[in-house]
Amino acid sequence: MTYVLTGDEKPLSGIGAFRAKVTALDPRMRIVMTAVYAVVVVSLSNLWVLSAALGLSMWLLAYSGLPPRKTLKRMAMMDSFIIFMLVLLPFTIPGTPVFSVWGLEASWEGLRRAAEIALTANAVILAVMTLVGSMEPVTMGHALFALKTPERLVHLMMFTIRYIDVLREEYQRLRTSMKLRGFRPGTNWHTYRSYGYLVGMMLVRAIERSERILAAMKCRGFSGRIILLEDFRLRRADLLFAAALTAALAALIWAEAAYAAT
Amino acid sequence: MHIVDGALSNPVVIGGAVAAVGGIAMGLRSLPLERIPAAGVLSASFFVASLIHVPIGPSSVHLILNGLAGLILGWAAFPALFVGLLLQAVFFGFGGLTVLGVNAVNIALPAVLAGLMFRPLVARGSPLQGAIWGGIGGGAAIALTTLAVAVSLMLSGDEFILAAKLVFFSHIPVMVIEALLSGAAIFLARRVKPELFADTKGSLA
Chain F
1 MTYVLTGDEK PLSGIGAFRA KVTALDPRMR IVMTAVYAVV VVSLSNLWVL
51 SAALGLSMWL LAYSGLPPRK TLKRMAMMDS FIIFMLVLLP FTIPGTPVFS
101 VWGLEASWEG LRRAAEIALT ANAVILAVMT LVGSMEPVTM GHALFALKTP
151 ERLVHLMMFT IRYIDVLREE YQRLRTSMKL RGFRPGTNWH TYRSYGYLVG
201 MMLVRAIERS ERILAAMKCR GFSGRIILLE DFRLRRADLL FAAALTAALA
251 ALIWAEAAYA AT
Chain R
1 MHIVDGALSN PVVIGGAVAA VGGIAMGLRS LPLERIPAAG VLSASFFVAS
51 LIHVPIGPSS VHLILNGLAG LILGWAAFPA LFVGLLLQAV FFGFGGLTVL
101 GVNAVNIALP AVLAGLMFRP LVARGSPLQG AIWGGIGGGA AIALTTLAVA
151 VSLMLSGDEF ILAAKLVFFS HIPVMVIEAL LSGAAIFLAR RVKPELFADT
201 KGSLA
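Chains F and R supply the protein sequences, listed in that same order. When we follow our numbering, the leftmost residue of the first sequence carries the number 1, and every step to the right adds one. When we follow our numbering, the leftmost residue of the second sequence carries the number 1, and every step to the right adds one.
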């Protein structure tokens with residue numbers, strides 16, 4: 001999967017040119033630790049502790065060597081989706097009023113809850129993007145398979161990854177030919193029908209393409225087995241990284257418990 | 001439509017994860033090896049389709065097309081849409097990790113339901129009749145998805161009731177657009193490649 005979102009914006013993994021510290025670590029360990037990290041952070045609720053968790057994610061970002069600005073921009077994009085829900089919370093949770101807008105009172109409790117969700121969501125997604133999103137998509141598939149994900153689900157994922165780019169290019173070719181014929185989108189029946197035909201055409205072509213793929217794969221003796229191209233091995237650096245992250249998570253849990261006790 | 005980490009209560013998150021595992025297992029059972037390339041390529045096309053922005057008034061909405069995915073893939077739409085959500089979370093940072101199960105159920109279960117209910121109707125009659133049922137299926141799937149998002153928010157706490165209601169009502173135009181687009185897509189597919197729906201029992205191509 002190269003660039004999918006927009007023309008110039010490449011995904012975090014890049015195309016092989018990207019050599020960061022984190023790519024040297026065992027992908028299986030990264031996936032497992034990310035899952036543990038997400039579960040721990042979601043279970044936290046103290047704002048100071050959550051800020052520390054976000055700090056930890058920032059450290060992961062710095063350590064991973066991913067382009068920080070691009071990664072943070074992606075994170076901000078997620079925030080723009082949830083901002084709407086967060087803004088409502090202060091007004092819907094009853095409690096001590098802080099300020100009021102058009103006669104509606106915002107509560108401290110609501111602000112707290114909104115901050116809690118924002119911190120959790122950002123801390124987790126940043127860790128996911130830095131630890132897992134920095135992998136080559138194919139490596140992620142192989143690592144998931146090595147972690148006992150069902151073979152057919154991994155196959156499905158690898159096919160999806162492989163063809164997202166191909167189909168996106170096909171989509172753009174279709175769009176170009178629409179443009180050449182003078183199509184200009186607007187809010188009208190013609191636009192929606194044309195987009196519908198565009199999607200329908202993409203699906204028809206996709207099915208026909210998949211028939212050719214299947215024939216080509218059969219010809220090469222595809223049996224549904226995943227052949228691991230790389231040999232995953234836990235090295236000392238992996239154990240050290242996992243131990244350090246576990247210690248940091250334990251500290252977060254301890255701090256949460258300490259705050260809860262006071 | 002993506003819910004993020006930290007917003008939902010634990011029972012909702014765990015329930016969603018368990019249901020998603022069940023749905024994926026069901027979907028994989030209906031996917032013999034022969035059909036994996038077709039499912040994978042279609043999963044990729046739905047991923048690409050979800051990046052299309054359709055104008056509506058001064059603004060624009062992006063497509064989900066889960067109803068169409070269900071109509072074409074049947075139960076296999078569950079793992080296919082799950083894969084799409086996983087890739088979006090990991091590589092684009094949309095959604096979250098612990099809520100992946102809830103998000104998958106919210107988007108894929110309506111897709112599968114639309115597929116089970118409307119696929120036989122879409123395959124029958126003239127292309128236009130098929131397109132009308134396809135449109136109804138596509139609109140119904142989005143309506144169910146929005147409803148499922150609203151319910152998952154409401155189950156997590158009363159403070160989300162207002163947000164849940166707003167999510168539902170603000171998505172009514174999206175439902176209409178998705179219905180129109182799904183109908184048009186089915187119309188074209190029925191005319192160009194009728195055998196796509198010829199096997200009414202099959203879940204795929």
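Hints were generated in silico from the structure; no laboratory data involved. You may find that some hints are simply not true.
[Claimed, not checked] Okay, derived cross-link-like pairs now, DMTMM-like style, lysine to aspartate or glutamate, Cα gap no bigger than 20 Å in a straight line: (1) F/Lys218 <-> R/Glu34; (2) R/Lys193 <-> F/Glu230; (3) F/Lys70 <-> F/Glu136; (4) R/Lys193 <-> F/Glu211.
To see whether the hints hold, each was checked on the structure:
For the hint pairing F/Lys218 with R/Glu34, the CA-to-CA distance comes to about 9 Å; that is within 20 Å, so the pair holds. For the proposed pair R/Lys193 and F/Glu230, the alpha carbon gap of about 41 Å is over 20 Å, so the pair is violated. Restraint check for F/Lys70 and F/Glu136: satisfied, since their Cα atoms lie roughly 17 Å apart, inside the 20 Å limit. A hinted pair counts as satisfied when its Cα atoms are at most 20 Å apart, and R/Lys193 with F/Glu211 qualifies at roughly 13 Å.
In this structure, only the earlier hint numbered 2 is contradicted, and the remaining ones agree with it.
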